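Residue numbers (the working numbering), protein chains in the order written: chain A, 1 to 398; chain B, 1 to 398.
These are computed hints drawn from the structure, not numbers from a lab.
Take the hints with a grain of salt, since some may be wrong.
A pair counts as met if it fits within one copy or between any two copies, since identical chains are not told apart.
Computed cross-link-like contacts, DMTMM-like style, restricted to lysine to aspartate or glutamate with a CA-CA straight-line distance of at most 20 Å [stated by the list, open to error]: (1) Lys-370 / Glu-21; (2) Lys-336 / Glu-302; (3) Lys-96 / Glu-156; (4) Lys-370 / Glu-27.
All of these numbers come straight from a predicted model, not from anything done at the bench.
Number of protein chains: 2
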Amino acid sequence: MENPTANKPQDTEKMVVRGLEGVVAAETRISYVDGAQGQLYYQGYNIHQLAERVSYDEVVHLLWNGDLPTRKQLNELRAQLAAEMKLPEPVYKWIKSVPRSTPPITVLRTATSMLGIFDPEADEMTPEANLRKALRLVAKVPCIVATLHSFRHGREPGKPDPAKGLAHNFIHIFHGGDLDREMETAVDLLFVLHADHGMNASTFTARVISSTLADMYGAVSGAIASLKGPLHGGANQKVMEMIEDIEHPGYVDLYIEGLMNDKQRIMGFGHRVYRTEDPRGVHLKRWSKKLCARDEFCQLYEISKLIEKKVKEAKGINPNVDFYSATVQHMLGFTKIYFPSVFACGRVSGWTAHILEQLADNRLIRPTSKYLGEYGRTFLPLGKREIPKAKPAKKKTH
Amino acid sequence: MENPTANKPQDTEKMVVRGLEGVVAAETRISYVDGAQGQLYYQGYNIHQLAERVSYDEVVHLLWNGDLPTRKQLNELRAQLAAEMKLPEPVYKWIKSVPRSTPPITVLRTATSMLGIFDPEADEMTPEANLRKALRLVAKVPCIVATLHSFRHGREPGKPDPAKGLAHNFIHIFHGGDLDREMETAVDLLFVLHADHGMNASTFTARVISSTLADMYGAVSGAIASLKGPLHGGANQKVMEMIEDIEHPGYVDLYIEGLMNDKQRIMGFGHRVYRTEDPRGVHLKRWSKKLCARDEFCQLYEISKLIEKKVKEAKGINPNVDFYSATVQHMLGFTKIYFPSVFACGRVSGWTAHILEQLADNRLIRPTSKYLGEYGRTFLPLGKREIPKAKPAKKKTH
Chain A
1 MENPTANKPQ DTEKMVVRGL EGVVAAETRI SYVDGAQGQL YYQGYNIHQL AERVSYDEVV
61 HLLWNGDLPT RKQLNELRAQ LAAEMKLPEP VYKWIKSVPR STPPITVLRT ATSMLGIFDP
121 EADEMTPEAN LRKALRLVAK VPCIVATLHS FRHGREPGKP DPAKGLAHNF IHIFHGGDLD
181 REMETAVDLL FVLHADHGMN ASTFTARVIS STLADMYGAV SGAIASLKGP LHGGANQKVM
241 EMIEDIEHPG YVDLYIEGLM NDKQRIMGFG HRVYRTEDPR GVHLKRWSKK LCARDEFCQL
301 YEISKLIEKK VKEAKGINPN VDFYSATVQH MLGFTKIYFP SVFACGRVSG WTAHILEQLA
361 DNRLIRPTSK YLGEYGRTFL PLGKREIPKA KPAKKKTH
Chain B
1 MENPTANKPQ DTEKMVVRGL EGVVAAETRI SYVDGAQGQL YYQGYNIHQL AERVSYDEVV
61 HLLWNGDLPT RKQLNELRAQ LAAEMKLPEP VYKWIKSVPR STPPITVLRT ATSMLGIFDP
121 EADEMTPEAN LRKALRLVAK VPCIVATLHS FRHGREPGKP DPAKGLAHNF IHIFHGGDLD
181 REMETAVDLL FVLHADHGMN ASTFTARVIS STLADMYGAV SGAIASLKGP LHGGANQKVM
241 EMIEDIEHPG YVDLYIEGLM NDKQRIMGFG HRVYRTEDPR GVHLKRWSKK LCARDEFCQL
301 YEISKLIEKK VKEAKGINPN VDFYSATVQH MLGFTKIYFP SVFACGRVSG WTAHILEQLA
361 DNRLIRPTSK YLGEYGRTFL PLGKREIPKA KPAKKKTH
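Chain A extracted, bound-state conformation (with noise of 0.2 Å):
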């Protein structure tokens, strides 16, 4: 232990890749995000095609298992989501107890960790008991938000049937009652929307809790407060307060203007991976204009249409997924502070299918970082210290 820093480690040929852009950190054959044609695929099915076409339990099924469910499988698979939605009590009772004025997903990422407490299973490591798990994190979570939502109306929360999807049973209890058909495709289109995007922040924060052979309540409530992040989840919020700020088509190019003169960033544009248009802000494009349609007062449209035209013409950049999704979830009845937590209840099928994906050919993720500090400094005991003076400011490297 003498003389510790006689050879002084050298630590300078490293290189380091800052955010991890480009660094291909996991195998998959769950989605694919190709940015540079602006397609996504679900298990190798393009979105394009399942967009409109499937339940969301359709792509849950086909996320997990590699393929679309036949009839029988998607009615099993119904019956099993809506009988796990059912909340353990004490969680119930919690949710029941928050203060008001806490955001959904910071409800909904406590809710999620305290669900491990009460199953049985959480630290079962079985493909199967894993599976099961995913099972419940599935049902459990979109039902955390529609119970809070409920309670915060001063409603019990409704039951789900054991016939219907999950998007349905989701809004019939976020709501307490139903929606009209078109609605309710819109609501399943958002899901499906959502259910997975490459290895995003969110999933890739699953992948590495998982990664440590944690359970997985605790993998998805860590990828729960990843995406209330205002760079990942949170941004569609970040959006609607945008639209709601400029409150009149008129007044989009000022405002634009305004933020990019005070060097502020426009939230719901560009993406780390497309080059090009969001495959699903097309789809939720043309439901924004769709739902908005509706209510011929509604001039939420026109505001997006506006601030998309100006924002590509200044900038070259396109929407992503957040900017539409903001509307859409407006005009589905979705307050503006839930946003982030709808994405995570369709999310939540994409983080599972990951975590067990991970847990099937694991390798610990752990990175390693450049160290740009000192070595060897001389150690002085508590008596002899003083207060340094300031030092010359540090030379950024970027």
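Put chain B on the given structure of chain A with help from the hints.
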């Protein structure tokens, strides 16, 4: 949208880095793991210079601010930490309500997420607010663990002393009384040695979550979720299970040979980065010996030493931090189900330091994945699908 797969994407030339081994995910000044020479530095100080010479609170100050505190700074920090140990009443009550069978690390993960509900600054992202939240987390995380233990032993948790260090106050609440000077030194040392360790899986989790600009309670809760895994912070508990299972020094050889014959992992050995001995292990081994020597009937150190010898001979690998940490924790009166959560009590200082560093120069951490699946499968409507025949086994690429 017609024929979306006309141009098949090319995703074949990408190289996956399994487990991100050797990939540099971030630059840091907080700590450096010199794997080749078996050295660890905190902000430039070799760990051998700090161990047994500084209290944990001094390391907290060091990790956050880059310098060891003066006596005045240390006293201020201790008073602040003691004041911040107080838990919000609903969290306190919730901890009391948790079923006794719940692993403490699961309680800690959930309660840490819950703390975010009761901090009005949770979503305030200024550097000053983030530093205040770091302080709260470093104080409250150990208090959650100690409070849980206190409740489970039928005691109301005690009060922290603002003149004493965090490790002392933790023990005081955990055990409902004080330890002697030697054992208190060991607790401080335990926290100091677990405080930070480069880009390990839980620290990396915290940085990934924070990089979306999500709140710090979510990032630390996600880190705890990750720490729970047996390939990370859950390992110390597994080590203790093994030692207890062996029972007597005379059974070590047979037991370890049995594990090796069954191709089972021997917990507490080997490390992704260290190619030599783990410098933390050196200190923990000495303390394991010292604390076991206080009890003439204790054979835990003896058993541990024999395991180390056997594994080194057979596999040429060294014990890591978890190996001797197990017996040290045991001799300090922690039962093994608490080990991962005690690890978290020290590591939270490193997590918060890394989060502050990440946020000071943020870029979204979003790697990519290599897609192994198909493209443009033909969609069949629900009524026309059949259960596919068993596919030939997928060719593994590793």
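Tell me, which hint numbers fail for this structure?
-> none
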